[in-house]
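Student: Residue numbers (the UniProt record's numbering), protein chains in the order written: chain L, 1 to 196; chain X, 1 to 275; chain U, 1 to 366.
Think of the hints as simulated: they come from the structure by calculation, not from any bench.
Quick look at which bits of chain L chain X covers, simulated, 3 or more residues with Cβ under 8 Å:
1. 12-25
2. 72-81
3. 182-196
Beta carbons are placed, not taken as given, at the ideal position from N, Cα and C, and that holds for glycine.
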Amino acid sequence: MASYLETIALPHLPPSLPVHVALYRDVQNSAFLKQQLLAGNAEFEYALIDASMVLSRAHATSAVFRAVNDYIHERLKSRNVHSEIVFSLSPTNNIADSFRKFGITDSTKDLLVVKVSESPEITHDSVATHLGSSIQGTPVPFDDETLSKISDVGKIKKLYKLGALPSPGQGNAAQGDDAKRRLELSLLGAIALRGS
Amino acid sequence: MAEYKPPTLPSPFTNTTPPPTLLTQGAEAHVYKTASLDPAIPAALKIRPSKPYRHPILDRRLTRQRIIQEARCLFKLIKEGVSVPGVLALDWEGHGGAESGWGGAWLLMEWVEGAVVRVVLERWEAWMKQNEASLNPVQREREEASARALLKRMGATIGALHKAGVIHGDLTTSNLMLRGSPQDNTATTTTENGASMKGDIVLIDFGLASQSVQDEDRAVDLYVLERAIGSTHPRSEPFFDALVQGYRESHRGAPSTLKRLEDVRMRGRKRSMIG
Amino acid sequence: MIGIGMEGSANKIGVGIMLHPEDGSTPQVLANIRHTYVSPPGEGFLPKDTARHHRAWVVKLVKEALKEARVSVDQVDCICFTKGPGMGAPLQSVAVAARMLSLLWGKELVGVNHCVGHIEMGRLITGATNPVVLYVSGGNTQVIAYSSQRYRIFGETLDIAVGNCLDRFARTLHIPNDPAPGYNIEQLAKQGKQLVDLPYVVKGMDCSFSGILAAIDGLAASWGLGGEERAREDAQAQNAAAAAADQNQDQDSKPTRADLCFSLQETVFSMLVEITERAMAHVGSKQVLIVGGVGSNERLQEMMGIMARDRGGSVYATDERFCIDNGIMIAQAGMLAYGTGFRTPLKEATCTQRFRTDEVFVQWRD
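All chains, full assembly: derive it from the sequences and hints.
Tutor: Below you can see the structure in the form of structure tokens.
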């Protein structure tokens, strides 16, 4: 199976902390993966995100940035940097609630997986190997085009209390682009301002 | 006299390669150009350093309040569809403890490519001064119409800002940008200058912004801009009525704000003090 | 050129004599005499009583000043007096005295803006050439910068003056008005440790103090820290050196009187430094000059110094001889105007409670 695992050096973050991201569709073993998380299985310490709650690459990146920045400044609100990434997607301060809404569920079909290289042993290859053997699903590119097919805009807008915003995909192309930009920036703002 | 030292960047921007470029250093904040969270897309980074003259508790309280206030205003305006840079990331907590740590705060915003209206108007005024004699009435009319149209769009954008319940607090032609306008003066060589005055108006620098829907606050916002235009762009001052017109058509509350503007003008700042 | 300066816009009456040497060298202070009307603790000075005080002292001070300066009446070129701003009755008593001396001695009068007097004296004493000026006193709070023949007000208080805020809180605490309520607050604040939360009101380059005063008066009342009784305990505690330390043992608990003074100073001075810095950034100046009675506060000077240092500049401040209202500052500003040919005819030698700094045409500067 072709691997789309992408290793990203986010601007402004230490080069020693690259982030590995993979997007899957038609995931078959979500219940198992969630179980590993709940059991605290260290091998499965990932940010496992319900990809339908992700609007775009910038949306996901923004949550990753916030979590890693909080991690390097030693102010995580949750257990580890990976749970913090899921929490960072949330516009509210309720951690358990953020896992329920943005995290993997037993029925998750589209899954975004994020792993931060907290230690030198965690490399692109080690992550690729482990994911290849652990996730039963179809790897797809982590890009806006793919995400646009996956994201549940209505649900995202509801969770972020942005119901009044126009939805992308309505009106002509220019209006659609503008709506997408406005919604995306609103999500980024909500993530940045959480807890303020 | 102490030797000038450029401000130091806080973490995590110590990692940033290439390092952020310092653009302006005001009383409150330093503004840099750097990358957004996507290395291919630029962003503006505003840093509010800690002020060592203040008591550390008061300092953190103020720095935090203000960066959050600014970010909240931008967030609100983005949601309302007003043309401002969006918030990309924010840090109000500082780090490393109250004693030895960094007590500042930062805000990463969308980069706006274009020129500030101050430059656009200065360019236009200089061009007019140079070419005035050779313009026929039609050309002159067309040039002035472009300037009026620019001010009218400024008025409409400020109207949208006020309609959204935000007061800018420091409206000058340096805090209004014309998206896509060239930053240098090359446009002055064209025979028709008005063309360089097209583009969307974007409001920037919300460091003194607040949320209010009071006519008084809105009128003072406009008055501050009127005075700034009067002192910086004397030739464009007569076009302020175009700005007022753009504002008047922008939202339902505009007429009562403009009525209050008359009072604010009368009052001016001529408040006498008892010594 | 020799000039007499007469100041009495508030509770101090000052008479000063200045010499501006003909060769253009540095002006000299020949005499600087002052007497302060001190009201009892818990009370402010009332215009009527202050005016009576000034009338009772003015002749004595003029005589004393001439004696100290070793100057005879013949040598005097002009009589400078405070035209305003200030309290009506005290201003009047000094203006009447100035007119009387003008007629008696046949000398010309120069009416002076009190604020401009502070600025010119500060520039003379400190050597600051073109500073942003923070003028802070019991009656005024202004951030000023010079531009084309005017001292322009960039920012100011929207309600009461910072000195008024401090003085009135001193009354709440029954802190003595001798030598000055602000001075006694400054001393008490040195023992303060705990910062209590107070409103912080800055709008652009303007600021407001009335809300802070109401808040801290409220805190003093709710903690039972105001009034005569506590003031007496305080005075006794000062004898026992350990008392202050004891008071501050448990942090974050009940604030002490010292804590309130400390918090008030920290808050209002931060506001002043902030608006000054904003003005400096606006006009591109690296110098800051602090004038006015509150300007003698060492904590304010220290904070301003840190700010100026971080901007690569420096702060200029003077001590109480020149900061606090005095006669020589009136002489200094008056003589600068006199030198450019400015005169105040007798029938215009009145005074006014309201007289803005930017109304004065500053012909003596470039």
